[in-house]
Amino acid sequence: AQKVTQAQTEISVVEKEDVTLDCVYETRDTTYYLFWYKQPPSGELVFLIRRNSFDEQNEISGRYSWNFQKSTSSFNFTITASQVVDSAVYFCALSDYNTDKLIFGTGTRLQVFP
Amino acid sequence: EPEVTQTPSHQVTQMGQEVILRCVPISNHLYFYWYRQILGQKVEFLVSFYNNEISEKSEIFDDQFSVERPDGSNFTLKIRSTKLEDSAMYFCASRRGEGTEAFFGQGTRLTVV
Chain X
28 AQKVTQAQTE ISVVEKEDVT LDCVYETRDT TYYLFWYKQP PSGELVFLIR RNSFDEQNEI
88 SGRYSWNFQK STSSFNFTIT ASQVVDSAVY FCALSDYNTD KLIFGTGTRL QVFP
Chain R
10 EPEVTQTPSH QVTQMGQEVI LRCVPISNHL YFYWYRQILG QKVEFLVSFY NNEISEKSEI
70 FDDQFSVERP DGSNFTLKIR STKLEDSAMY FCASRRGEGT EAFFGQGTRL TVV
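Residue numbers (the working numbering), protein chains in the order written: chain X, 28 to 141; chain R, 10 to 122.
Since the hints were derived computationally from the structure, they do not count as laboratory data.
Quick caveat, the model's predicted, so the values are computed rather than measured.
Keep in mind that a hint or two might mislead.
[As the list claims (entries may be wrong)] Taking lysine to any residue pairs in the SDA-like style, the calculated list, with each CA pair at most 25 Å apart, reads: (1) X/43 <-> X/30; (2) R/66 <-> X/115; (3) R/66 <-> X/43; (4) X/30 <-> R/48; (5) X/43 <-> X/79; (6) X/30 <-> R/47; (7) R/92 <-> X/123.
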């Protein structure tokens, strides 16, 4: 069965600190996709990144970076020099090639204080 | 930038009433979804729709729920007889093809009283 675990329920940091959000997934499939979504206080779900299972290259986008490691079934998300606007709930999600639904983790609430 | 649009943003209904939640997916997308999020909890898959039929549904999506794409642009979720436990944020999503990212609407908050 597919599963996504985000063990960190809530993280609080002070602005400019770096923070890493953990995501561990389970799947029996060899082809799958991993995603991160941001849910700000306004409630919408904002797509951040998609990775497929064959691409383990880490990715950097501005202050955001993602570390995908198949050996540990992890897809961690790091925010460098956090800002108050980064305060949100962040969801990691998984889908596989055979079923296109997203399986979400329980989310990590990030609070960035000035 | 194209986006998924949902209406209404908030709906309050009495228990037992029927509600229809509406969505306009991104125009060149082929796969459509409904998800729900009970307050403070994770986002849960309800149903996926492709080629004018349901491709997958979760155990939550029982006979009280139905989806329809009536006119090639709208995608609706109907709850026939609402229950208190149907109170949640309902998200519509669409994506272009297999393995591509899903884009979500801003959600409809359904409150059943």
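Hint-by-hint comparison with the structure:
A threshold of 25 Å between alpha carbons decides the hint, and for residue 43 of chain X with residue 30 of chain X the separation of about 32 Å lies outside it, so the pair is violated. Straight-line distance between C-alpha atoms of residue 66 of chain R and residue 115 of chain X comes to about 29 Å, which puts the hinted pair past the 25 Å bound. Between residue 66 of chain R and residue 43 of chain X the CA atoms are separated by roughly 43 Å; this puts the pair beyond 25 Å, and the hint is violated. Between the alpha carbons of residue 30 of chain X and residue 48 of chain R the distance comes to roughly 21 Å, so the proposed pair stays at or under 25 Å and holds.
Between the alpha carbons of residue 43 of chain X and residue 79 of chain X the distance comes to roughly 30 Å, so the proposed pair goes past 25 Å and is violated. A distance of roughly 19 Å separates the Cα atoms of residue 30 of chain X and residue 47 of chain R; the hinted pair therefore holds under the 25 Å criterion. Between residue 92 of chain R and residue 123 of chain X the CA atoms are separated by roughly 32 Å; this puts the pair beyond 25 Å, and the hint is violated.
In this structure, the hints that do not hold are numbers 1, 2, 3, 5, 7, in rising order.
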